[in-house]
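Asks: Below, each chain spelled out in residue letters.
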Amino acid sequence: MDIQSFFQNVINAFQWGSFYALIALGYTLVYGVLLLINFAHGDIFMVGAYIGFFVATFLLGTYAIHLPFHMPHLVIFVATLVITMILTAGVGVTLERVAYRPLRRKGAGRLYIVITALMAGLILENGNLALLGASRKAFPELIHDTVYKVAGVTFTNNWILVVLATLAVFLFLETIVRKTKIGMAMRAISFDRMAVPLMGIPIDTVIVFTFILGSSMAALAGVLFASAYPVLEPYMGAMIGWKAFIAAVVGGIGEIRGAFVGGFLLGFIEIFVAAVFPSTFRDLISFGILLVFLSFKPTGIFGVARAQKI
Amino acid sequence: MRHYLSLIVYLAICLLIIVIFQQNWLNAYIQIVMMFIGINIMLSSSLNLINGYMGEFSCGHAGFMAVGAYTASLLNMGLFTTSSIFGRSLFIGPQYSVFLFPVTLIIAGFCAALVGLLVAVPSFRTRGDYLAIITLAVNYIVKSSIENIQEIGGARGFMGMRQVVNAMNNVINIPWLMIWILAFAGTSIIALKRFVGSTYGKGVIAIRDDEIAAEIMSVNTQRVKLIAFMLSSGIAGIAGGLFAHVIGYINPGTFTIMKSTEIMVMVYLGGMGSLSGSVLSAVLFTVMLEFLRPLQLFKWVLIPLLLIILMLFRPEGLMGNRELSDVFPGLRRFFPSKEY
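So the sequences go chain by chain: A and B. If you read the first sequence in this note's numbering, its first letter stands for residue 1, the second for the next number, and so on. If you read the second sequence in this note's numbering, its first letter stands for residue 311, the second for the next number, and so on.
Honestly, the hints are just simulated from the structure, not real lab data. We put the beta carbon where it would ideally sit given N, CA and C, even for glycine. Treat the hints with care, as some may be off.
[What the hints assert, rightly or not] According to the in silico footprint, chain B covers these stretches of chain A (three or more CB under 8 Å from chain B):
#1 40 to 52
#2 101 to 109
#3 244 to 256
#4 276 to 283
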C-alpha cells in the first residue's frame, strides 16, 4: 500500500467509523443509565433512515402529495434531519414506554429486558419488511456531491459533514453528561439506582431523556448514512447495529469517550482489513480482533471493572 | 423397574413413531416437522444449560450448529459418496453408512465442542454482556469462515446430503434419520439431566447465583464452565449435523443470528433452568411456526410480539425453573427422580 492509498483509507475509515460511533453512542448512553443492552438500537437506526427517506421525499414533493412550493435542497436536508431526529426519538421513547418500562416497574431481571429488546428489534425489522415490502428504497440526493482533491486524496463534502457532525455530537454529549444537571442525574442513576429516587430525582424523566438522546443520534446517523450510501433495506440496521455494539463494548460500554474511540477503531480495522485482504475477510477479522481484545481486556478501553461484593 | 419407567415410556413412544414413519401413515410434511421438533429439542435444551442454568447470555448457538452441520455433511459425503470435494480419497462405500453415520455425528459434535472453546476460554474472565458479545462474535466468525472456504461451497452452500440418507435406506429401508434424531435427542436429554443433577451441575447453578461465592466454596469455576460450554456446543453440533441431513442443503446464511434468536426464543418460552420446559417449548414453537406459515412475513412480527407479551406477563416462561414433575407432583409416583 503506497502512502496515497494509505491516506485515502484513513479518510474512508473516519467516515465509516463515524457511523459506528454515532450508533454506539445510543448503546452506551442507555447502558450507562439502565445497565440495559438496547439491542433494538440498530433497528432504530434503520427506522431513522426510513423516516428520513419519507420526510425527504415528502418535502421534495415526490412522495404522496405534490407540495405547492419548492425549497432549496439544503433547507430540505436540514429540515429532514431535524424532523427525523424528533420522530425517531418518538419511536425510541415509545419503545421504552411500551416494552421496557412495564418490565422495569415489575422489577424483572435485566435479562428479560434484554430479550424484550432483541424481540423489539426483530419486530421493527420484519414489520418494516412486511409493511413496505422487500424492494429497496433509494434515498434522494439532497446534497450534491462535491469532490475535493488534496494531494491525491479525495473526499466529498458529505465526508466533511459526517465527520464534523460526529465530532459535534461528541462535544455536545460530553458537555451534557459532564456539565449539566440532567447529565449528573444520568451518572447518578448508573452509580446507584436505589438511592437516586430518594434524592428526589425523577428517574423516569431521566431515562426518557436518555432514550431521546440515543434515538436522535441514531436518526442522525441514519440520515447521514442514507445520504452517503443511498440504498435502504429493512435489515440494514442489524449488521451495523451489532458492529456498533461491538464498538461500544471495545471502547468500554457506558463511557461516551469509549463509544467514539471504539467506533473509530472498528472503522479503521474494517477499512484496512478490506484494503489488505479480500473484503470477505472483513467480518472475520474484525470479529476475531474483538474476541482477542475482550479475552485480554474484558472491560474495554475506558471501562473500569466494578468491584463485586458478596 | 420404576427407575426405568421414563426410559421405557420414551422407548415405546420412539417405537410408535418409527412404526408410523415406516408405514407412511403421516405425509412427508408432517414427518419433516416431527424431525425438526426432535432437532429443536436438542438445540433448546443444550442452550438452556448455558442461558438457563448458568445464567449467561449466549446468543451464538447457531454457530456451533453450523460447525456440526458442515463437519457431519463433509464427512458423510466424503465417506459414503463420491463427492466433488474429496473425490475418492475418503470413499469407503455406501454400505457402511448405516454404522458410521452416528460416528460422524459424534465427530461433528466434538468439532463443535472444540469451537465451543472459543467461548469457554474467554468466559473465564468475562461475564454477562461482554460474554454475550463474544458468543455473537463466534457465531459471525464461524459463518464468515465458512463463507471464505470456497472448497466447501463458500456462501453458495453445500448440498448432496440426501445421497447419504439414500445410501442408508438402500442398506435397510427404515426411517434412519428419524431413528437417529430420536436416539440423539433422547441421549442428550438424559445426558443433560444427569449433568445438571451431578456435582458439576450444582456448580453450574452456583456460578449462576454468585460466581465469586461459588469459587470460594471450592467450585472449580473454570473447569465447570469449560465442561458446560463444551457439552452445550457439542450437542448443538450434533443437532446441526442432523439438521443438515434433514434439509439436504446447507449454506452459511442458514446459521445466522436469526437462527440463534429462534433457539433463544425456545429457551425463554420454556423457562430458564427447566429441561422439560425446553422440550415442551421446542415442540410448541416448532408446531406454532408451521401453523403461522400462512402469515408469511407477519410470522416474524407475531412471534417476537408473543415473546414480549410473555415477558411482560409471565417472565419466567412456561415452566420457569421448575420441571414437569414439580408442576404435576403426581408424576413423581411414576417417575421418581434419583438423588445424585
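Asks: Hints first: check each against the structure and report whether it holds.
Replies: Status of each hint after checking the structure:
1. Figure legend: the segment 40 to 52 of chain A, annotated as covered by chain B; annotation inconsistent (0 residues with Cβ-Cβ distances under 8 Å, at least 3 required).
2. Taking a C-beta to C-beta cut-off of 8 Å, the segment 101 to 109 of chain A contributes 5 residues in contact with chain B, enough for the three needed, and the coverage statement holds.
3. For the segment 244 to 256 of chain A, the stated coverage by chain B holds: 4 residues have a C-beta nearer than 8 Å to a C-beta of that chain, and at least 3 were required.
4. By the rule of at least three residues with a Cβ nearer than 8 Å to a Cβ of chain B, the coverage given for the segment 276 to 283 of chain A holds, with 4 such residues.
Hint 1 from the list above is the single one not met by this structure.
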